[in-house]
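Working from the sequences, and respecting the hints, build out all of it.
Those protein sequences? They're chains A and B, same order as listed.
Sequential numbering from 1 applies to the first sequence in this note's numbering.
Sequential numbering from 1 applies to the second sequence in this note's numbering.
Since the hints were derived computationally from the structure, they do not count as laboratory data.
Any given hint could turn out to be false.
Some chain A residues flagged as far from chain B (calculated, every beta-carbon gap over 10 Å) [as the list claims (entries may be wrong)]:
hint	residue
1	Lys58
2	Ala126
3	Val271
The following label-pair restraints were derived from C-beta to C-beta distances [stated by the list, open to error]:
hint	chain 1	residue 1	chain 2	residue 2	range
4	A	Val101	B	Ser38	37 to 45 Å
5	A	Val117	B	Asp73	37 to 45 Å
6	B	Glu231	A	Ser166	46 to 54 Å
7	B	Ser38	A	Arg265	39 to 47 Å
8	A	Ala255	B	Phe13	50 to 58 Å
9	A	Val267	B	Leu248	38 to 46 Å
10	B	Glu100	A	Tyr115	34 to 42 Å
Under 7 Å between C-beta atoms, here's a sample of chain A residues computed to sit facing chain B [said to hold, decoys possible]:
hint	residue
11	Gln170
12	Glu173
13	Leu174
14	Ser177
15	Tyr178
16	Arg235
17	Phe239
18	Ala266
19	Pro272
Quick caveat: nothing in here was measured; it's all calculated off a predicted structure.
Backbone N, C-alpha and C fix where the C-beta goes; we use that ideal spot for every residue, glycine too.
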Amino acid sequence: MSSQAPVAVQPVPRGGLGRMVGRRTVDWLPALLVGVGIVALWQGLIVWTHAQQFLLPKPTSIASAFWTDKHELWSAGWYTFQEALGGFVLGSGLAILLALVLARWRPLGTALLPYAVAANAIPIIAFAPITNQWFGGGLTKSSKIAIAAILCFFPVLVNTLRGLTSVRPQDLELMRSYAAGNVEVFRRVRIPTSLPFMFTGLKVATVLAMIGAVVGEYFGGALNAIGVLILSRSRVFQFNEAWAGVLVVCLFGLALYIAVAALERAVLRWVPSTSD
Amino acid sequence: MSVVKVAGVTKQFGQTTALQGIELEITEREFVSLIGPSGCGKSTLLRIVADLIEPSAGTVAVNGKPARQARTDRDYGIVFQDPVLYDWRTVAKNVALPLEMARWPRQKRNERVREMLELVELQGFESHRPWQLSGGMQQRVSIARALSFEPPLLLMDEPFGALDEMTRERMNMELLKIWEASGSTIVFVTHSIAEAVFLSTRVVVMSPRPGRISEVIPIDLPRPRLATTREEPRFFELVTRVREALHLGHDLDRAVPPAQEATA
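Okay, structure coming up:
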């Protein structure tokens, strides 16, 4: 408050976009080198040991299969991605709603959460053949959406609930001094506090959604789905094509993860570690 | 008219008596400091006035209303030892928080936030995040927030406790300026004798086990108080008085037979 006070702390410098990207590239370089190294080693080992194609195909063979079948692979991947995305949105959405309810009525949370955790320990994937029949039959999209949704549900629920209840006591005390109602406490304190936790859950869920959709398809799905494609190619010993399918699954899973991570960065600009 | 009236307040935490038989009346435009060693219940008393916790017995009136009603009417602003700023809000939005909650229209809100940031000399930091500011600046944001809706009463719980001595003395000067400009009544909890004497119209000395008021010392130092006030003989006299009152409280404590203390 004295005259020289406002210069006490300099704002945290924010580099231009170009500088940020530049630094990122440098950050990514070690990982990129490791990746290239692994693929080269893989290729080299197979050439050197003359390993059978059905055990492990060469990266170059996978790449060429990928290139040849790219249209079919892409459309199959897209089909499965839609299932995964549907499951992700549905499962995460329901989980966030339930987390809000459980955080608002704490006794309900205390009563239900142990079962939620126990249910989480059930290997949902093992039920895929059965759940395929529950939700509209094995060939439908909705049965895969259901499996993906169930897989996404728990990590998002547990993390969001933890965030909603990890509020600093003094933050609540300030709200109390303003005579804030429950809705306001949620809106102004609990939900903002929970967001970093929620995004952690969502990022885990992106990967699970893709797994759920693909494994669901292994137990029966539309012909133009990537899981079905991987399964049918490996049955007729087209391992290069099967591996190319796995690669497509990876790429779509990664895309979903990156999209959520980007959303996180945009929403959580106020967290010191994300705004550097 | 009394702004705060505490009558017969006792507070039990389980077996511990944090406060016993507290009587205190604070009138308009007073600056009252509560001082005492750790465990004397000074923060507890402030929280009871704020209706953040309830007394086990006794009554508290703020602006002639029960403390609960005064809280609901937003009759006081509070500053904690920790600035309690929300990281997800910018500095300006933190100051605007109570105004948003009181449903002030945006235009009026922005105007007031600008005024308040000017008052605490943080113009230019509107869009900074709290963690980009120093501790002293954060506490100034917290004070601006507490004053933004012009509450008749300002409650401060060791607001400068975490600051270094030099920053603290500067903040003391600024707080007096704000107090004189805003015309509010202040109840101020502190550990520091010099701070209490320098700021207050009255110093309430408390002693522990059980927490009680051992003496109320009026501070007759001339106003406005300046940096040189701290060098006046009268200032040292009053500091000594408060120190002695604090030690007297301790001596009484020591006079309790050990057996009785063990069961207390």
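Hint by hint, which ones does the structure fall short of? Result: hints 3, 9, 16, 17 and 18 break, sorted rising.
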